[in-house]
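Undergrad: Chains A and E are the protein sequences, given in the same order. The working numbering applies: residue 1 is where the first sequence begins, and numbers increase by one. The working numbering applies: residue 553 is where the second sequence begins, and numbers increase by one.
I should point out that these hints are in silico values taken from the structure, not numbers from a laboratory. A couple of the hints might just be wrong.
Taking lysine-lysine pairs in the BS3-like style, the calculated list, with each CA pair at most 30 Å apart, reads [to be verified]:
#1 LYS649/E / LYS785/E
#2 LYS585/E / LYS349/A
#3 LYS291/A / LYS585/E
#4 LYS17/A / LYS349/A
#5 LYS644/E / LYS671/E
#6 LYS585/E / LYS431/A
#7 LYS644/E / LYS812/E
#8 LYS500/A / LYS431/A
#9 LYS818/E / LYS785/E
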Amino acid sequence: MASTVTPSKRAPAPTPKLNYLNNGHTLKSWLLTTDHKRIAILYLISVTVFFFLGGFFAMLIRLELLTPQGDLMQADTYNKVFTMHGMIMVFFFLIPVVPAVLGNFLVPLMIGAKDLAFPRINLLSWYLYVVGGILISHVMLTGGVDTGWTFYSPFSTEYTNTKIVEAGLAVFIAGFSSIFTGLNFIVTIHRMRAPGLTWSRLPLFIWANYATSLIMILGTPVVAITIVLVAVERLFHLGIFDPRLGGDPLLFQHLFWFYSHPAVYIMILPSMGVVNELITCFSRKRIFGYKFIALSSIAIAVLGFLVWAHHMFVAGISLYAALIFSFLTFFIGVPSAVKVFNWTATLYKGSISYATPMLYAFGFIGLFTMGGLTGLFLATLGIDVHVTDTYFVVAHFHYVMVGGVLMGYLGGLHFWWPKMTGRLYPEAWAKLSALLVFVGFNLTFFPQFILGYVGMPRRYWQYPPEFQALNVLSTAGASILAAGYLLPMIYFVWSLRYGKIADPNPWAAAGLEWKTASPPPTFNFDETPVVTWEAYNYDEIPAWERRTPVAR
Amino acid sequence: MASQVDALYIYLLMVAGVMTALIFLAVLVLAIKYRRARGHHAQQIEGSTLLEITWSVIPFFVMLTFFIWGAVIYFKERTPPADATEVYVVAKQWMWKIEHMEGQSEINELHVPTGRDIKLIMTSQDVIHSFFVPAFRLKQDVLPGRYTTLWFKATRPGRYHLFCAEYCGTMHSGMGGDIVVMEPQDYAQWMAGTAVAPLQETGKQLFSALGCATCHRFDVQGRGPNLAGVYNKPVLLEDGRTVIADENYVRESILNPTAKIMSGFKPVMPTFQGIVTEEQLNALVAYVKSLAQSPPGTAGLQNQPATSPEQPQKMQVQ
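Just chain E, with the same shape it has in the complex (with noise of 0.2 Å):
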């Protein structure tokens, strides 16, 4: 990507620096050829009306190039691959941290292989942070109560600078890291050096420790949706709107239960806000997008599990 955006920005700074050129140019040549010095006198010109329409389509359509070769960049680096790594960041005042779907987590350091999609599920505990690589080229605003993703393919190992680039207090400019960019093998042997659980399982041992488990049930119909499956899929809302369950979803579901009630449900889930930090929240959240892949139910009543991704999810209380 970061080759891209210099390529696209090499064009910009040559088209820039032609202007420039010309305009200093034309000034410098017009300002020392009809100087008073020399004894001219003004010729009075109105205008004329073609040269300006010429030099305003002309430019149009030169910033038409800029706008559709920068949409193209922005495009690619606002769409995820679906099959990427992810990584959690967890941003606050003022540090960096970083949470492997392995387990591992690290703060102020990401570690990533070269050659694989990463995407990072961004959010802050406090106030507005910016995850920033400028050898990516990249920078995405980190936000409390939401997530924001990143992405990227790193090529070359090596340690990259991580800034945050939205002020963000006493010490904005103390809140940097590293991108740890490693072979894959080396990766693997990083990976490997500490057992710990993956995030996943955290969310699922939430899942019960919290009583999730009591009304989101797998086996039989309980007061809440099952929760299998339901990830990334269209939900059919209580006030007739359909939205996607994507992370966001989720997390507001946990947060703030009552905002999108899925159809045919009662707002009888209370707030987790305050309850559960950012962390255990993505791990939740890891949670109940790992049981998208696997469902775990075993037989029991399970309604109309979503088949297909066109069909709003619609499931009845019991």
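So that you can see chain A by itself, here it is in the shape it has in the complex (with noise of 0.2 Å):
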């Protein structure tokens, strides 16, 4: 990996300066550094790794549902394969992806510091998440899991055989992996900002990430309660979730959903993050009502944690408390819509330019745009009884987690690159690349809204035949999204060799981290920057074109 990464074998460069890349060459310099940025690219790795693992069980899944019949595998085999997608993708993907490696690597730089607060916690993040990772492929290569990813009682506690224990376990260490890095957050932004970076200056991405770790730290604690709760249920029959024990099934639903609804926010608010930064950048504008964006990420970090019996509404739980949590989940509505008219605002009376990250901004707002209003669907009560648990469901999260949360982190992916990499990306491909993944996933998701409503249970490996047109397209949209982002794996690897060298602010952006050399040395800053400006100050800084042509 090491060499890979290592720009100055074939740059021009005169005099290769010393950065966090070319710091040390050794795999040992890599598996015990502490440095923010290498850990970011340690995380880049491994999540890409679960991704497409994650995306592979994907393809199986919509190439059993091609046809009617149970045809591809068993109807167990098929059963393992969504639940290994759905907790690849949710534990090992998502939740960490934003966070773990553009948080990672851009927090500190964003605020002029020189790391985290505590370096090493973070490597241990790093390592617990590897130690999860490892973990569940284990399972999966000795058996799998058949719950799916939500693990419900008494399924999972009395009726299945297969490896409960241990995939929770995984999901339990992984779960304090993203404890440690939200505790590291909270506590470097409190205490690391450089002089003069006041909270009402910082990047949104920051107060994007603050309230992603609030939910960490207070939310992870209770699935990894749950977890326990589930092992020791199924080790030693305790009753707490039986029923011929005297207890509750309906419990572990609350506790699972406590953590797991905000957990959705986990993932999501770190994308919207992202978008403020391109959105911004390739306006040449300074955000519209920055306080209101930064106050809608609180206001989603608060609500999130009041409204996690929506997905009860069927479930057995009391009229009254379904009216109450159905009228809880419209006010989450407010903040983020506030945040998508506050994004489209930007653009008034901007100077946009059309780069790769900045079509995946756009991506962003519109599968964001469908996937939230969606979700006022399920919201309403009367809607939600007929849809919940059909694929109208299924399309809904998948067009707020990856039309969401994938197309912000592309677009930050592609925005930093030449900051994590010192190389430029091929701008031509990678528009290329955003084009096939929206179109290959509104032909992949959007059918699944018509067979949720039509009646097409979710997790479901046989179906009726007249559901079969629907799954076909969906399928062949898959297709589609799946060259979207194999292209940017193999353009992105190519660039680190191949790829233009970048200048330090090749998008003439502004914020700390393009103050400073592309790659960043070690210590991010050679000395501590001092902030007079308030955030998104595009009209102090020249626009692009009167700068370095490259990246067009």
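Take the two lone chains and join them into the complex the hints point to.
TA: Right under this line is the structure:
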């Protein structure tokens, strides 16, 4: 790894300046590093591995669903496949991806700090993630799990013979990785901001990661406890969830969603943070309504803890509980809508260019809008009864998680790639992949909204033949989507060696991370920056075309 | 009900469609109008509190209409009419067992007449399942250890898909069947096809076979409460609480008798957990419910039979 990311080999750079990448080439210098940027790269590699693993399972699902009969694999195999797809994508990709890769790399850089507050805990986070990842891979290779990523009791506690405890342990361990990351970010953002960088001058990406960290440290312990309860129930039959022993199966769902609903915001908030950076840079504008976007992140983090039972409207909760949770769920629609409106308003009277990161930001707005609005359908009690646990829900959360999170992540990765590697990616290929992702995504998941409303339940290995046409469309879309995801993988690796050398600020972007070298030196800044300006001061930064002609 | 859900769905689709179109259009128009290639220089705008408030408050009130309309439908869906025909449903990996009050039972099929309110009283023998009929726009999870209910009134004869919507293991996707909606006369004919004992009769036989009748007596005060007229009445518990003796209470009292002891009685009843099957339990519950409609007790000591539903029933051990 170390040798491939080192740009010095072919680069015609006159002076091979010491940076975080060429500061040590041994495997040890990577595996024992405490440099947040190197840890971000370690995360980048590991989440990418899990993304493609999860994607492989997604392709298996789509292939099986090409025909109404269960013909590609056995029912049990299919159940294990969608379980692994969900577990890997949720716990080992979507939750860590933006905070652990982009957040790790950028939080110290954006606030003018040398590193995170606890560099060794940061490394420990990555190791915990890896141990969890190895454990889940072990589970996958030695029989798998067939409960779905939701682990519903009493199926998970009494009825399945698959590796629940081991899989739970994997999630438990990975959970601590996210607790430590959250802790690290909160302390860092509170204590290590550069002089003059007040809260109201912070980039909104920092606000988003701060809000995310709050959820990580408050929510993740609850899922950890829930997993312990499942394991204890399974091993010792204590009667926590089993009604025959006086337990309550709904208790599991309450505990599980108390974490897993806020977890959705762990996934989406950092991506929303990325979008702020992209929209402002490529419109050359201050963000419209800074304070409202910042506060909406915090509002989402807080309200996110008050809506969990909207997953349970047909689960057997009381009528009045359902009414209250439905009502509260509409509240969380407001801060999400506020963000979308503000991004749109930021474009007004800007000077907009269509570089790849901006295309992803547009994609994010479009797909998140559709994901968010269909969320309102699900919050509406009378509709939820019909569409919950159908493909409507599957489509909805893929619009938010894949449409939203991945669009933000890919946009951010393109945007900061020159900073991370010192190289530019090939713009034309990147534009093509952005287009493929957008088209492929909609073709895959839009038909699923219709499938859900006409009644196809989720997690079905076989289905009545009248649902086939829409399933075929969806599978066709998935193959385009897969191409859209493979392409960046190829040209990013290619660019490490052959990409144009990036200058410190190829986008003429605001933000402290652009004021240091690309790639940055190990301690980020030669001297601690002093901030005297507001975030996104694009009026004070010369426009792009009057600077470097790269990456147009 | 289906048409009401569809009406709301169309309303939501229209609002969501307009919103999506507005945002897409706004992004598209702004992105083209202010593109860099046209030589635009950005004009800095800080924001506008008035706009922020506008686009927070207006969507909120629009969403409030979603909430209210959705809640009204949900309220109806969750409130079965008192005189609905009851049908018991037992879900198990991986089949639906249906028990009609008349005694007929069927598997993976539910025959109902048009125009009649049907209330399903459902429980699961193992894991959580979900009774889902897309044509009725209805779904209700079916849990082990308790009853959940679902009601509907079918209007058009035909066969409609029944799916299990809560993942329940290997053959989850095979746990389906049909709701067969028939004209009332066809239904009567179907019902008359086989002669079987009504559910409550089965329950009555179980009631004496299991020895319930030795303590729950109708003539003299036994060690347990007289069950005539108990169903659906408030019951005063030992700890001072009052609960309604609904299906779930009767069920719990059979499986876990000490959980909610009726005031004045001792926790002497053994559990029937593992002794009665879900189907037998349903029969027992159906029997206890039938006692509320026609109290059988001859003479004897009917200790304060609940005369008014407001008065919690209190019984004394003699």
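Undergrad: Looking at the structure, which of the earlier hints fail to hold?
TA: Number 4 - this is the single hint that the structure violates.
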